[in-house]
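J.: Those protein sequence lines, which keep their order, are chains A and B.
Counting from 9, one number per residue, gives the positions in the first sequence under this note's numbering.
Counting from 42, one number per residue, gives the positions in the second sequence under this note's numbering.
If you are wondering where the hints come from, they were derived from the structure by calculation, not from laboratory data.
Careful: at least some of the hints might be erroneous.
A few chain A residues that face chain B, going by a derived Cβ cut-off under 7 Å, partial list only [stated by the list, open to error]:
1. Gly24
2. Gly50
3. Phe53
4. Pro69
5. Glu112
6. Gly116
Lysine-lysine pairs mimicking DSBU-like chemistry, simulated, CA-CA at most 35 Å apart [said to hold, decoys possible]:
7. B:Lys44 <-> B:Lys153
8. A:Lys60 <-> B:Lys153
9. A:Lys38 <-> A:Lys21
10. B:Lys44 <-> A:Lys38
11. A:Lys60 <-> A:Lys21
12. A:Lys38 <-> A:Lys60
13. B:Lys153 <-> B:Lys110
14. B:Lys110 <-> A:Lys38
15. B:Lys44 <-> B:Lys110
All figures in this text were calculated on a predicted structure; none of them were measured in a lab.
Every residue, glycine too, gets a C-beta built ideally from N, C-alpha and C.
Okay, here's what each chain looks like letter by letter:
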Amino acid sequence: DAGVTQSPTHLIKTRGQQVTLRCSPISGHKSVSWYQQVLGQGPQFIFQYYEKEERGRGNFPDRFSARQFPNYSSELNVNALLLGDSALYLCASSLVPGTSGYNEQFFGPGTRLTVL
Amino acid sequence: DAKTTQPNSMESNEEEPVHLPCNHSTISGTDYIHWYRQLPSQGPEYVIHGLTSNVNNRMASLAIAEDRKSSTLILHRATLRDAAVYYCILRLPGDNAGNMLTFGGGTRLMVKP
C-alpha cells in the first residue's frame, strides 16, 4: 500500500510569491495534518483537517491556509513568502482525529521549500 | 501543554542496547507518552506510546516511571538504521487533542559500527 505522498519534492520560490503544496493521505485515512520543520528543529504543527473542516490550527500567520478535498487529499497554501518560510513541510494522515485510544499519524517525506 | 526534556544527543555502539530518557515532570494524569523518530531525509514515524504501564512492540520498549514524571525508550539492539532523532511527546487522548503533536528538539542518536 502506498504511504502518504507529497508533491513537489523540492521547490524554490522568491520572496513575495505564493506556493501550493499537495498531500495525498493513505487510502482510508480521513484526517490530514500539516507541519513545518525548520532546519535543526522539530516539526511545528500548522493545521489539521478532517472531513474537509479545519479541526486545529497552530501558531502561524494568516498567510498560511489549507483545505481538504472530498477525496481527503489536502493542499497547503502560503502567500507572500518570507525567507523564514524556508523549511521542510510535512503532511501526516490518520484514520480519524483524536478518537479514544491512540490514533497513529503517518508522515510523508515532505516538501522542501526554499525561499530566496 | 506539558513539556518534555530530552538530551540533545546520544551515542551507542551497534548491537548494544540504548536507553533514551525523557523527563516530563508536569505531565497530567491523562497525558499519553508518545515516541516518534525521524530518520535522515524522512518524515517522522511512530515508535511506541503508553500511559502508565510499560509497553513493548516490535520496534522498542517504553519504560514509564511509577510517578510518570519520566520515561525511557529502550532499543534492545541498536542497528545503524536506528540512527535518527527521537522525539518524546505528550498528548491528550480523545477529540480535544485532535492530531496535533508538539515536537521538541528530540535526541539525536548516533550508532557506531
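J.: Would you mind marking each hint as holding or not holding in the structure?
T.: Right, here's what the structure says about each hint:
1. The interface hint given for Gly24 of chain A is violated, since its Cβ lies 28 Å from the closest Cβ of chain B, which is over the 7 Å cut-off.
2. At a threshold of 7 Å, the smallest CB-CB gap from Gly50 of chain A to chain B is about 3 Å, leaving the interface hint in force.
3. Hint status for Phe53 of chain A relative to chain B: holds, with the closest Cβ pair at about 5 Å, below 7 Å.
4. Checking Pro69 of chain A against chain B: minimum C-beta separation of about 18 Å lies over 7 Å; hint violated.
5. Below 7 Å, beta-carbon pairs count as interface contacts, and Glu112 of chain A has one with chain B at about 5 Å; its hint therefore holds.
6. A hinted interface residue such as Gly116 of chain A counts as satisfied when its beta carbon comes closer than 7 Å to some beta carbon of chain B; here the least separation is about 5 Å, so the hint holds.
7. About 30 Å separates the Cα atoms of Lys44 of chain B and Lys153 of chain B, which keeps this hinted pair within 35 Å; it holds.
8. For the suggested pair Lys60 of chain A and Lys153 of chain B, the alpha carbons sit about 46 Å apart, so the restraint of at most 35 Å is broken.
9. Proposed proximity of Lys38 of chain A and Lys21 of chain A is supported: the alpha carbons are some 30 Å apart, at most 35 Å.
10. Restraint check: the Cα-Cα separation between Lys44 of chain B and Lys38 of chain A comes to about 29 Å, which is no more than 35 Å; the hinted pair holds.
11. A distance of roughly 28 Å separates the Cα atoms of Lys60 of chain A and Lys21 of chain A; the hinted pair therefore holds under the 35 Å criterion.
12. Of the pairs offered as hints, the one joining Lys38 of chain A and Lys60 of chain A holds, with about 9 Å between alpha carbons and a cut-off of 35 Å not exceeded.
13. Of the supplied pair hints, the one linking Lys153 of chain B and Lys110 of chain B holds, its CA atoms being roughly 30 Å apart against a limit of 35 Å.
14. The straight-line distance between the Cα atoms of Lys110 of chain B and Lys38 of chain A is roughly 34 Å, inside the 35 Å bound, and the hint therefore holds.
15. Only pairs whose Cα atoms come within 35 Å are accepted, and Lys44 of chain B paired with Lys110 of chain B is accepted, the gap being roughly 11 Å.
Hint compliance for this structure: hints 1, 4, 8 are broken, all remaining hints hold.
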